[in-house]
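A.B. asks: Residue numbers (my numbering), protein chains in the order written: chain A, 1 to 330; chain B, 1001 to 1330.
Please keep in mind that the hints were generated in silico from the structure rather than gathered at the bench.
There's no promise every hint is true.
Claimed, not checked - Pairs of lysine to any residue residues, derived as SDA-like cross-links and limited to a Cα-Cα distance of at most 25 Å, are as follows:
#1 B:K1321 - B:R1265
#2 B:K1321 - A:K246
#3 A:K321 - A:A5
#4 B:K1321 - A:L2
#5 A:K321 - B:R1280
#6 A:K321 - B:K1321
#7 A:K321 - B:Q1275
#8 A:K321 - A:A296
#9 A:K321 - A:R72
#10 A:K321 - B:V1285
#11 A:K321 - B:D1109
#12 A:K246 - A:A296
#13 B:K1321 - A:A296
There are 2 protein chains.
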Amino acid sequence: MLSSAVEALVERMLQGNQGALARLITLVESDAPETPFVLARLYGRLGHAYSVGVTGPPGAGKSTLVDQLAGRLRQRGLSVGIVAVDPTSPFSGGSVLGDRIRMQRHYLDEGVFIRSMATRGSQGGLPITAQAVVHLLDAFGKDLILIETVGVGQTELDIMGTADTVVVVLVPEAGDTIQTMKAGLLEIADILVVNKADRDGARSLQHELENMLHLAPRKEWWEVPVLLTVAHRDEGVAELLEAVGKHRAACAGSGERERRLRRRRRQELLQSVEQRLKVRLLELVEHDHSLSGALAEVEEGRLDPYSAARAILADRALLHKWFAELEQVG
Amino acid sequence: MLSSAVEALVERMLQGNQGALARLITLVESDAPETPFVLARLYGRLGHAYSVGVTGPPGAGKSTLVDQLAGRLRQRGLSVGIVAVDPTSPFSGGSVLGDRIRMQRHYLDEGVFIRSMATRGSQGGLPITAQAVVHLLDAFGKDLILIETVGVGQTELDIMGTADTVVVVLVPEAGDTIQTMKAGLLEIADILVVNKADRDGARSLQHELENMLHLAPRKEWWEVPVLLTVAHRDEGVAELLEAVGKHRAACAGSGERERRLRRRRRQELLQSVEQRLKVRLLELVEHDHSLSGALAEVEEGRLDPYSAARAILADRALLHKWFAELEQVG
C-alpha cells in the first residue's frame, strides 16, 4: 500500500510540482518497496507522452543532439523530459556529467526536466527502472520524453526497447561499418543519423548504411531513413524531428504502435516479477542465517554455487519465508 | 540429475575431446536444465586456467589483439581458449563475424579453442553463461582463457567481472577522454592499452590516461599501467603479456585473487538462483493458464503490470506449482 506521505507526493506531482516528481524518481530508482504501488496508481494516466530513444557509441554527439531536439521541441511549445542513462563515471562515483553540462542550457526552463541515471550498482534492473522513470514523466504531463543511453551493450538495447521511436547516432569516424553491424545497433534503429556530418566520410557512411539497410528484411510500413546532422550547429535537427513525426504516424497507422505497446507491457510484467524476487533474494542473503551460511560455504569454495542454488530453491522453509514477506509488502 | 548421455559427454570432454567440449558449451548456452549439474560435476576440477578479459569500444582492435595474444601464448606452449561475446549481427541472426574471421588464423591449431557467443535472445543471463563457458574451458584443461566483449554497456562490465585480469583497449581517435570516463571503462581496468599506437595522438592519450589514473584512489598492491600496442604488427604484445603476468603475481601476493574469487562465487550463486527462477517464470507464462490470462490482460492494457506482478507473487497455488517443478528438475 501507499503510505500517506508517498500518496501526498504523488498528488503534488500530478498537480505539476517538479520537486515531487524528482523525489518520486529517486524513490523509483532506489527500488523502494512502494515503487509498484506508485506505478499502479499512475497507470491509468499514462499514454500521453511520446518517447524517443537516442543511442550510439560514445563520442557520437548524442547529448548535443538531444539538447538541440529539446530546444526545438520547446520552441514549438511542447514540454520535454530527458532521461540520460550514463555508465557511472569511474572516479566521482556519480553520474554527474550529463546533468552538469546540460543544465547550463536548460537550467532556467521549467518546461525541460532532466534526469541522469547512473548504471553503477544497478543489479540488472536498469531497463525496468528507466521505464518507470519514463512513466513518471508521462504521468507528470510531459509531451515528449527523450531517452539517451551511452553504449552499445545489451542493457542499452533493452532500454531502447522502452522507446516509441529509436534513433541510432553514428559518426563518420565510427570505423568500419562492420563494427556498427557487430554492435547490433542497426537492428533496433527506426531512424539512423550520421552526426558530425561536416567531417570527411559522412556521405560515404550514409551510402554504406543505406546499402546495408537494403539487404535487411523490408518492412512494408516503414523504410529506415539515414539522415545527416551537425548537432552542435543545429543542422539537420528539424529534419530529424520531422522523421520522428513520420515514424510516429507510420507506427500508428500500421498497428506497430499496438504491437510495441503489448511487447513492452509484457516485458514490464515479467521484469517486475523478476525484480521483486531478486530484491527479496538479496535481502534474505543479508539477513537469513540458513542462506548466509550457504553463501559463506560457496565463497570459500567448499560448495559449488550450482548445487547451492539447487538446495536453496528446494528449501521449503526458506521459500515460505521468502514469499510470506513478499505478500506482506505487496 | 545428469542423464547418461550428458555424463558421457562430460567424460569425453575431460579426456580431451573438443567435439564434446563444443557440445557442452552449446548445452550451457541454451540454458538446458542439465547445466547446473554439469557445472557442479566439474566444479572440483576448476582453478587451473587463468582468464584475461579484453574489452573496449567497437573498432579498438580487440579481436586482432586477442589473436596476437593467443599466437604468443601458443609459441610458449600454452593452450588457449577464446570466448568472444558479440552483440548479434543484425541481419544474419548469428554471431558469425568473430568465428569466421578468426578461424582463418587458428583453424589448424588444436591448441586454440574459439567460441563466439551471441547476445541476441539472451534474457539477461549472459554474464553467468559466459562464466559457465569459461568453467568448461578451464575443466577441459586450457591454460589461458581470453574473454573478449564488444561494447561498453553494463552487461559487458559484468562479464569482465568474471576475468582474473581485465585489459581495457582504447584507440587514439577514441574521442575526448571524457567519453572514456563516461563509459565506465577505466574503473574496471587492471591494464590499459592504447592500441593503434602508430596513429596521431597515441602518446597524448597515454599521458592523459596516466594523469586520470593518478586522480583515482590508489591501490597499494597494483599500479595500472598504460601500454602502447600496434596489434596488427604484433608490437607491444609481448609487453602486454608481461604486464598480465605481473598483475597475476600482484593479485596472488596481495590477497586480491582470493577477494575476487569470493566475489565471483557469490555472484555465481545469486545469479544461478535468479536465472532458474526466471527460466521457470517464462515456462509458466507459456504453459500456465492463470498466468497467461493475467499476461493477456496486461498486454491489452486492462491491468497494470505492477498490480499483476503483485498478484502473481501472492498466488500460493501458482507459487507451489512453480517451485514443485523446480524441485523435480533439480
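A.B. asks: Each of the hints needs a verdict: does it hold here or not?
C.D. replies: Status of each hint after checking the structure:
no., hint, verdict
1, B:K1321 - B:R1265, "violated, 29 Å"
2, B:K1321 - A:K246, "violated, 47 Å"
3, A:K321 - A:A5, "violated, 28 Å"
4, B:K1321 - A:L2, "violated, 30 Å"
5, A:K321 - B:R1280, "holds, 20 Å"
6, A:K321 - B:K1321, "holds, 17 Å"
7, A:K321 - B:Q1275, "holds, 20 Å"
8, A:K321 - A:A296, "holds, 20 Å"
9, A:K321 - A:R72, "violated, 53 Å"
10, A:K321 - B:V1285, "holds, 24 Å"
11, A:K321 - B:D1109, "violated, 54 Å"
12, A:K246 - A:A296, "violated, 57 Å"
13, B:K1321 - A:A296, "violated, 30 Å"
Hints 1, 2, 3, 4, 9, 11, 12, 13 from the list above are not met by this structure, while the remaining hints are.
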